Each structure stands twice: as structure tokens, then as C-alpha cells.
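J.: Given next are the chains, with one letter for each unit.
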Amino acid sequence: MEIYAQAIVNGILIGSIYGFTAFGLTLIFGIMRVVNFAHASLLMMSMFLAYGVTRTGVNPYLAILVEIPVLFIAGYILQRSLIEHVIKREPGVREPMSVLLLTAGLLVLIENLALVLFGPDYKMARTAYFGATFKLSGVIIKTAWFYGLIATLGCYFLVNAFLKWTRMGQAIRATGQDRDAAQLMGIDHYHIFGVAFGIGMALLGVCGAILVPFYYVHPAVGWVFGINSFIIVILGGLGSIPGAFWGGIIIGLIESVGAQFMNATWTIVVVYGVFLSILFIRPAGLFGLRQEW
Amino acid sequence: MRRVFMAMIILCLAALTLPGFAVQPAQAESVRIGAVFPLSGPLAPIGGHIKQGITIAVEDINKAGGIKSLGGAKMEVVYGDSTGDAKVGVTEIERLITKDKVCAVTGAYQSGVTLPMATVAERYQVPFYATGSEDSITQRGYKYTFRSNEKTSWRVRDQVGFIVAMGKKYGDPVKTAGLVWENTAWGQGAHRDWQKYLKEAGIEIVVDEPYPHATTDLTPVILKLKKGKPDCIFCCSYISDAILLINTIAEMEVKAKAVIGLSGGYADPNFIPGVGKNCLNMFDAVRWEPDFPRPGIKEINERYKALSGVILDTEVMKQYTYMWVLAEAVNKAGSTDPKKIRDALAGLHLKAPHPAVQFVEDELYFDQTGQVFAGSMVGVQFREVNGKIERVTVWPENMCRKGFEPIWPMPSK
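For the protein sequence lines, the chains are X and F, in the order given. Under my numbering, think of the first position of the first sequence as 1, with each following residue one higher. Under my numbering, think of the first position of the second sequence as 1, with each following residue one higher.
In isolation and in its complexed conformation, chain F is listed as follows (with noise of 0.2 angstroms):
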């Protein structure tokens, strides 16, 4: 019995230790950056691929030299693990930057756990470079805060502009939206901006439905949609629920002209192995895609699907070029004090052909809030392509895969 006590202790002790939540040995003249994501919860498989994106862009960055003005010095990640919890990732965040020193933090998918992250990296005065899309993230007045990626209501506004193109283009237009979105900070900003941008353009919502993230069944929410009848369903999820919500509209045989996501869940590479045929002929909007016609996104695709055994998404290519960002700044200020970094982010100007922009766009710089300009979304829809389901670019024209048109509207099965 005491031996079966031990071996247990042992595995309590063994599992304190794995890799995500260890904290790797300092090397005396590395640049250390922080990085906090839902490494474990709910939320574990997107913050598992984030990590595997970091690894590669660290890869390629101490290849490349390191940080030249610090004399090729290597640049080393310390992660956090939020767990999803803005309550955890406040404290990782709080502990990476007090106990490990790191010069400059990254973080943390959730809009809803980069919010309150960002107030503790202002407080410490340490550059936070946030991956979270609701808009007001850069929006508060932060001098530490930067960000790089979309906000919500970009995102939204490209996502109606989308389904009214297709509309359009087809003479087949949305007239209903039914809304469905989890109830933390990101859904409740798509909320938002889907009341002004459905407005616009003349969309009528009759459906408006909030959830709880990480739900046991949303039967109930989507009998609501069957009831409603919109044209066209707006979905704003993380992967687990994600999931759920699109199996569920298959099996209570809702019917819409279209049903289309935000990114996030639907963009996550859990989703389509989740649903299978289900997401066939649905949509997304997002702001990038494996297929996009730029050079060198063949070669680092392949990299990572070697790496990771799935395809690079939107997630993870947004934190490659963040590393990418964070060497640059580091290098520019030519120091790892965290102060003289946040003045070199604010006056960095990048120029593609260079790996912190090449995959995405031509040129990357901060605005007054450390908001980059980021180009529009395109949108996706998930069509079979020799014999597996595949996300296509399919909006607009100039993005379009080659050899593929928009389905509009989704056959009914």
C-alpha cells in the first residue's frame, strides 16, 4: 500500500513538471519574452498550436542570428498557462514579468483574459504585445499595449460585407440574421458590432442569442434559430462549443441560406476533424489562410504540419510574425530594458520581404494606440477538395483560390 502512496506522490510531482508549465533554465545573455495562453481547459488545443508557432518563429530567429545588436544573443520563451481563466492569466503574467524578468509579454488568445492582462503589464511598464481581437483592448489610453491583429469590428464589418457580396453576386440576398455568440468579452464586442454593421446594411436580426462559453448542449439555443428562421446564422465561438453548435444545427435540421463564423472556434484545426460533413458549405470570415497567393507560405506550411501534424491557421501564423515583431524590437532598442523596447515597437516600420510581414502583408507599423493596421478578412468556405474538407478562400476575387466559386446559397442536405 505505502509503495502504491509513493508511486502516486511521484506522478502528482511528475505532472508539476511537464513541459507546458515548466520554466526553462535561463541562459545568461538570452532575451527572454513572456507568453501566456490556455496551455491547459477547454481551450488547450489552439494554446498547444500557438506554442508550436512560437517554437518555429524562435527557431527561425536564432538561426537567423538572434538579436544582432545584443551580439546574436538567443531569444527564449517563458510561458504562462492561463487555463482560459482571466483570473489565472493575470497571475501568470504578473509572475513572468516580476519572477522571470522577461522583457516583453505576448498573449493570450481571449480577448476576455488579454483585457485585464494588459492593466498589469501598463502597471509594471512592460511592453504586451495582445492577441485578443475586441476592439477596445488598444482603446483604453495603454502606452505598454500593442497589437497587431483585427479587431472585432473589422472583423465583423468584413463578415457582413461578405455575406451581402454574395448576396449580391448571386441575387440571392440575406434579408434575416440570427446571431449566436458566447457571452465573455469577445462575443459580447461581435454583438455589438453586429448591431451596427447588420444595420447598415439592412439586415433584419430576428434571432439574438448569448450563450455560456463551454456549454453541456445548445439544443435550446438552436431551436430557437428553427423557430426564427433566419437566412443567414452569424456565429461568434470557441472551438468546444463551436463544435457543438454546428452538429447541433445538423441534427435539429435547421435551414439556412447561410451559415457563417468569426474566426476563433471555427477557425481552429479541431474544428473540422469535430464536425466532419457538417461544415460543409458553411462559412468564415478571417484574416488568413494557408492558400493565400504570397510567397513562402508553402514552405513554412509544411514546416509546421511536419511539426504539428495539422495545416498553419490564422492563430498561429498571427504569433509567428509576433515573434518576428518582438526580435525586431528588441534589436532596434539594442536592450532588454522593457521601457526602451515599448519605445522601439512604437517606432518600428517593417517592410515586406521580411518574416514579421511577408506571409500576411506588404508593410506593418503602430499607430498612436499600438494598433497595426491589419488589411481586410476574407472569406472562407468549407468545401471538399479530393475527398477532404478543406477550408477555401473563396472572397474576394482577387484571394479566390484558384479553380474554386463561392456555393451560395448552402445546399439544403
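Isolated chain X, as found in the complex (with noise of 0.2 angstroms):
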């Protein structure tokens, strides 16, 4: 029985984090309508900076401090400087097909990038929470897995928070709700779309710094996460932040407590059977609303 509730919350635990993998990509999705291939490889990014903050011996966790700001200053330069200018070439198409191009592109771009930088080894930070566990009445928990798990509940509001209830965040729901619309009352949708950029970047920033006390740094580590967070963004529905949320702990207790009835394997065919299913009964995913917040 104790293996059980073993598995619960360890499905709980890191389905979090799976869904907080997928929280960039869901917001960006949800504002500017933008597919962002890159996700994969700017979390690795994001991974190798939370990566060299540990190594000055603080707290790993102290590294969200620095990826937030960099993350979104880097968000918004790239959404400036790359994105915009390839919106601009199809002008009034909501879902521009060529951003999809150029992000994958960067993808590429990004990971050899990353190759030529850091170099194909294997980086495990050596902080105070590797490997750490506590027990609650029995079950082991991961201690990164629960900061993780406290990281994805406490961003989860404060980015909601920051959307229902400052002006910038209006506009950037005005903006995601309808472009033309929002321009007419005067808002710079460009500047938005940085910042929107800029917000799911520093997103990833934070999960960098909280999946790299307990996983490992590597040019193509961006690839083991990236494909369930695209996963979770359409089961949950694109664009719906609590759909990214329950999505991940959906795919994190398949995985978990599947895996307790049938080979690890098997729960692969589970995780995509659910995907399919969920697509025909609901096509815009569960929380996938036409209006989202």
C-alpha cells in the first residue's frame, strides 16, 4: 500500500514540474497565438545559467533571482529584434505559420550553440539538495521535487495575480483576447508581445533554477522535458495556464502510478491513448476555452 501512495505523490511531485515546463509555452501561445520551438532549447539555457550560479557555491535556488531578469530581458529582446520582424511579414494572420520556422530554427541554433559552449559532458550541481529526501508519515519525498512543486503553485498565482489585476496585464489579455481590438484602444500590441515573450522566458528561468539541484545539465537536455511540455500544452488546451498545470500532474500520475500495473514502456501508450482521447472528446484540449482568464 505505502507503494502506492509512494507513487501518488511522486506522480504529483514531478507532474508539477512537468506542467511548470509548460507554462512558458502555454502563455506565450495564449497572447500571441506563437508555437515557440526554442522552448526546448532556451530551458536548457536557462538550466546551463541556474547550472553556473550553483557552482559560486549559494543557494540554488537564489539562481531565480538572476534568470528571472535575464530571461526576460532576453525574452523581450528576441521577441523584439527576431519574432516581431517575421509577424510583420504576414500581417493580419492570427497564427503566423513562419514564426513556427524561425523558432525551430533557433532550436537548432541554440543546442549547438550550446555544444560549442559548454562542451557534451554531463554537469550534475553539487548542491545541498542532491539526492536530499525528508519523510512524511512514511513516503519519501524529494525535497527539489517539493521546492519544485511550491515554485510551480507560487508562480502560477502570481502570474495570474499579475493578469487579472495590474494594467499591463489587462493589456496583455486585451492583446491575447483580440489583437485588432486592443490596437484600437491604443495598445502598442509589439510592446505587449515583448513582454508577454519576456514573462514565459523568465518562466522557464524559474524552472531552470528549480529542476537543476535535482536533474542533470546537458546541450540536449531541453529534448527530455520539451516533448511532454508539448504534450501538456495541447492536453491541458493551448494557451490555458491551469491546463498546463493539470495537464502535467495528469502525465506525471499516469507515468507514476502506471508504471505500478504495467511495464514503464506501457505508460508511454497511456499517456499518448489519454492525449488522442481527450482530443477527440474535447479538440481544444480540457481547459481550452476560446477565451481564456
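Bear in mind the hints are in silico, worked out from the structure with no lab data behind them. Fair warning: this is a prediction, and the values are worked out from it, not measured in the lab. The C-beta atom is built at its ideal place from N, Cα and C for all residues, glycine as well.
Here are a few chain X residues that sit away from chain F, every Cβ distance over 12 angstroms (derived from the structure):
1) Thr56
2) Pro91
3) Ser137
4) Tyr147
5) Leu153
6) Asn160
7) Phe162
8) Pro242
Think about it this way: if two alpha-carbon atoms lie no more than 25 angstroms apart in a straight line, the pair counts; the simulated BS3-like pairs of lysine-lysine are:
9) Lys351/F - Lys68/F
10) Lys135/X - Lys229/F
11) Lys332/F - Lys74/F
12) Lys277/F - Lys135/X
13) Lys63/F - Lys305/F
14) Lys229/F - Lys175/F
15) Lys143/F - Lys99/F
16) Lys168/F - Lys402/F
17) Lys175/F - Lys227/F
18) Lys388/F - Lys402/F
19) Lys255/F - Lys135/X
20) Lys277/F - Lys255/F
21) Lys226/F - Lys135/X
22) Lys227/F - Lys135/X
23) Lys169/F - Lys196/F
The calculated label-pair distances, taken between Cβ atoms and stated as ranges, are:
24) Ser98/X - Asp367/F: 50 to 60 angstroms
25) Lys351/F - Thr56/X: 51 to 61 angstroms
26) Lys229/F - Met97/X: 48 to 58 angstroms
27) Leu101/X - Lys305/F: 43 to 53 angstroms
28) Glu253/F - Met168/X: 44 to 54 angstroms
29) Pro295/F - Ser137/X: 54 to 64 angstroms
30) Glu253/F - Thr56/X: 25 to 35 angstroms
31) Trp266/X - Pro293/F: 42 to 52 angstroms
32) Met97/X - Pro273/F: 42 to 52 angstroms
33) Ser412/F - Gly273/X: 36 to 46 angstroms
Quick one: dock chain against chain with the hints and give me the complex.
T.: Now the structure itself:
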């Protein structure tokens, strides 16, 4: 019985982290209608940044303080200097295809740059959280996973509050709902896109900081999480923030609890099975409404 | 804005011309050998190390006078990057054969990538000197496939043999086994052979778990080990999963008499830094270790360490000898015609002292199927030596590092 309790706890904890890796992706899509294929490699870069911070010997979670501003600015610049030009080439198109190709190209570029800059070796941050666990009535909880859950919930509420109650947040939501109407109201939607991309990247930054204490860093590490985040985003509903959260938990639970009844390789079949049936029943995804927030 | 755009484009182009992907300029009289390995992707570390092993070997070959029968022609290696993907591996070997006109190809570390590549080489009638361990690589009746590393079944036979010998020696035998294996060609082969050899040894399999290669999380698999409580955990993993698996076993407090790897990820130099003390006292079964009592190993290990920063491991040593064997074959053929090189390889018989064999065994020749009879594996234990974790050869007794005794069973932490 204890094993099943353990499996459920593990599933929820790792699932919330899966959901978090998809957070930035779904946010950017919700506002800009852009599928950011470079997501996986940007996650990898944020993990390398967090790894660099842990090398100085400070608490690995302090990396969040570095990650947020650096990645926000990087995201804003990336949007304004690169993606914006491509969006402008397809005026009036709500979901520009060429941006997809651009971000796919960025994915290859960034991954190979990382291979040159950091080398192909696997790096593991040696911090106090490496292998640290605590017990809660017989169930082992990985400390780093637990902090991951807290960070996920924290960021979830912060971003929601920001979108609901600040002027900028309202402008972002307005742009996401109707770009043209927002423009008519005097909102500079390219600036909004920049901010949205920046927030998406900053979330990836936090994500990097919570992954590094328990996961290895490597130029190809983005792929390991990247594929999952795309499934989660579509499962939960493209552009939906609660969708990303619950989508992550669902996949985490299927992998963890499902594996107690079948081979771990079969759980992937179940994940895709659930994925397809949800798409069949609700093509917009679990939480995918036309107008989010 | 435009300038930033231009800068990105230039960076793009720069990334395409990285050393790993570049085709080196051809020299008129050089002998070109193709090498396809995972130089990027999750297996990039081992691919990079193998490449450095090739570099040392080619340096030695050319310093020793190159290919003598071709007037001292230099050996030159053209690399292909499989990215760890069979489809890419096939495209790369095809490119090396048709476009770069290599006279022989070696690769590809992973069995799952090696198998389809061998088929391509067979079709073009170019010798393919394979490094995957899956048995079937040299059992398909191919004329152009050669291999001098051990088969998976030999690895498993000796791995099980080692565990049985330890149990007997210390009067604490293993009765139940838990199998954890990655689900590509290599792991599937290991699984097949475990079923055979564990049954012969009278060990019951209580947990039998495949998992997808390069996965995010292995706790679900580890929980099954915790539930099944096997005496010994047998693992077959590539590097990223090996790190994850051993760390998770420690975190989830799984206890066993022994945990043993099957080379691959466990023999990768990235493994020890990735898991730290979590690997202490676990075992591995491997073909070659730098602490073997054979002449010249210390010197070549020092040279390799200076180049790469890590110790020479079994994969890199294998590749070093492979390059020498290929050089000897071209020398014997006296030509860069792939068919003549194939015939030369088939009839090759090398004896120590020769850099192609002396570090590993006494002689080397291929049988009818293109397979070399490699010697047996050794048992290795991860031990603390002068405050650092090292792989120490502990079995069989004549190969055991001086001053070391195996610790059996693994003390529970």
C-alpha cells in the first residue's frame, strides 16, 4: 500500500514540475498565438545559467533572482529583434506559420551553440539538495521536487494575479483576446508581445532553477522535457494556464502510478491514448476555451 | 535591428561549420576512413571521447609512418554525427561512402544505430567495422561487417558469472534478480540473454522492467524494485539514464545485495561525477579497464588524460585499437579499394606487441562471421581510492587490482 502512496506523491510532484516546464509555452501561445519551438533549447539555456550560479556555491534557488531578469530581458529582445520582423511579414494573420519555422531554426542554433560553449559532458550540480529527501508518514519526498511544487504554485498565482489585477496584465489579456481591438484601444501590441515573451522566458528561467538541483544539465536536456511540455500544452488546452498545471499532473500520475500496473514503456502508450481521447472528445483540450482568463 | 538579424545569421552559419560537423579537406594521397558516432544529442559525451581516442590513434599511426604499402600515406578520418538516431546514422554513412569516398567505416556505439548502418555498408560493399554489442550485428551473414568487441551475450554471461562467483566466495548468494533495461536494440538483447543465463544460474527474476531511453524520471521503475526486493539489480543503460537510475535508487532507499551495470553508461567517464557517492560499492561488468596489468597502458592513459581530462575507458580503448586494425588492413591490402580491404581484414592476424592488440589481449583475428573472439569480461567495483571514487577491477582474481578485495554484499547506507 505504501508503494502506491509513494507512487501517487511522486506523480503529483514530478507532474507539477512537468506542468511548469509547459507554463511559458502555453502563456506565449495564449497571447501571441505563436508556437515557440525553441522552448526546449531555451529551457536548456536557463538550466545552464542556473548551473553556473550554483557553481559559485550559493543556494541553488537564489539562481531564480538572476534567472528572472536575465531571461525576461533576453525574451523581450528576442521578440522585438527577431520574431517581430517575421510576424510583420504576415500582416493580419492570427497564427503566423513563419514564426514556427523561425523558432524551429532557433532550436537547432541554440542547441549547437550550447554544445560548443559548454561541451558535451553531463553536469550535475553538487548542492545540499542533491539526493536530499525527507519523510512524511513513511512516504519519501524528494526535497527538490517539493520545492518545485511550491515554485509552480507560487508562479501560477503570481502570474494569474498579474494578468488579472495590473494594467499591464489587462493589456496583455486584451491583446490575447483580440489583437485588433486592443490596438484600437491604443495598446502597442508589439510591446505587449515583447513583455509576454519575456514573462514566458522568465518562467522558463524559474523552471531551470528548480530543475538543476536534481537533474543533470546537458546541451540536449531540453528535449527530455520539451516533448512532454508540448503534449501537456495540447492536452490541457493551448494557451490555458490551469490546463498546463493539470495536464502536467495527469501525465505525472499516469507515468508514476500506471507503471505500478504495467511496464514503464507501456505508460507512454497510455499517455498518448489519454491525449488522443481528450483531443477526440474535447478538441480544444481540457481547459481550452476560446477566451481564457 | 537589421544588424542583430545579420549577427544571428552569421552565428547560424558559424554553428554549421563546427568541428564536429565539418568535412576536413582532402589530401591527394591520404587514406580516408569514415567514423559515425553520436557527436551531439544525449550521447554526445561518449561520442566526443571516442573521437579523441581516434585522434590519438591516427596521430600514432601517422607518426609510425602511415600506411607503408601506400608509400607512407597518411590516415585521415571523416566524421559523421549520428546524433544517437538510427535514421541520421544511416544518412551519415551513406554520405561518407558516396560523397566522401571513404574506404572503410567504423561506428556507431549504439547497437540500434549500428544495425541499420551495417546494412548500408553491405549494399555499397564497403567494410564496416562495428562497435555495438548486440549479438545479431555479426550474425546476419554480412560479408562486409566486422567487429572486435564482445557480444552482449558474452557480457551478460560473465556479468552473471561474476555475481554467482561473488555469492559463492562470500557464502551469501544472490537468489532473486531485478532487471532494468533501456528498450532499444542493446537493452532488448541484454534482456534476452539475462533470461537465459540467470535461469541457468538458478536465479529467479522477480522484477523485469524496460524503460524508454532518455527519460525524464525513473522513480516509477525504481518503486517496482522497492516492491519486488530483488537480491541483485542488473542494469543496462546509456549514460543519461544511468545517472538518473543510480541517483533514484539511493533517494528511494532501495536496498539490495548488489547493483551491477553492463558497461555502456556505467563505464562512461561522466557517470561518476553525475552520481557521486551514490555509486559507491556498486559493480559493473566490462571488457577493459585502465588498471589492467598490461604493458603500456599507463603511458597511453596519461596521454589521453592530458587531451580529454578524463581516464581512458573501455569504449575509447576499443576505438583506439579499431583504428590500428583498419590501418593494418589497408596496409595489407596495399590499396584503398574497399573490396581489397575487406579481404585483408578477413585474413588479418595480429599478435602482441602491436598497438592494435597489446593493451587488451594477445592476438586478434576474425572468424567466418567477421567477429573476433574477445576474451572474458572483468568485474569492477566503484570504490573510494585516496578520497576519490574510482573503478577498481576486482574479478577474476588474476586481474584484481593489487591491494583490493571485493566488498560483498554492498553495505547498506
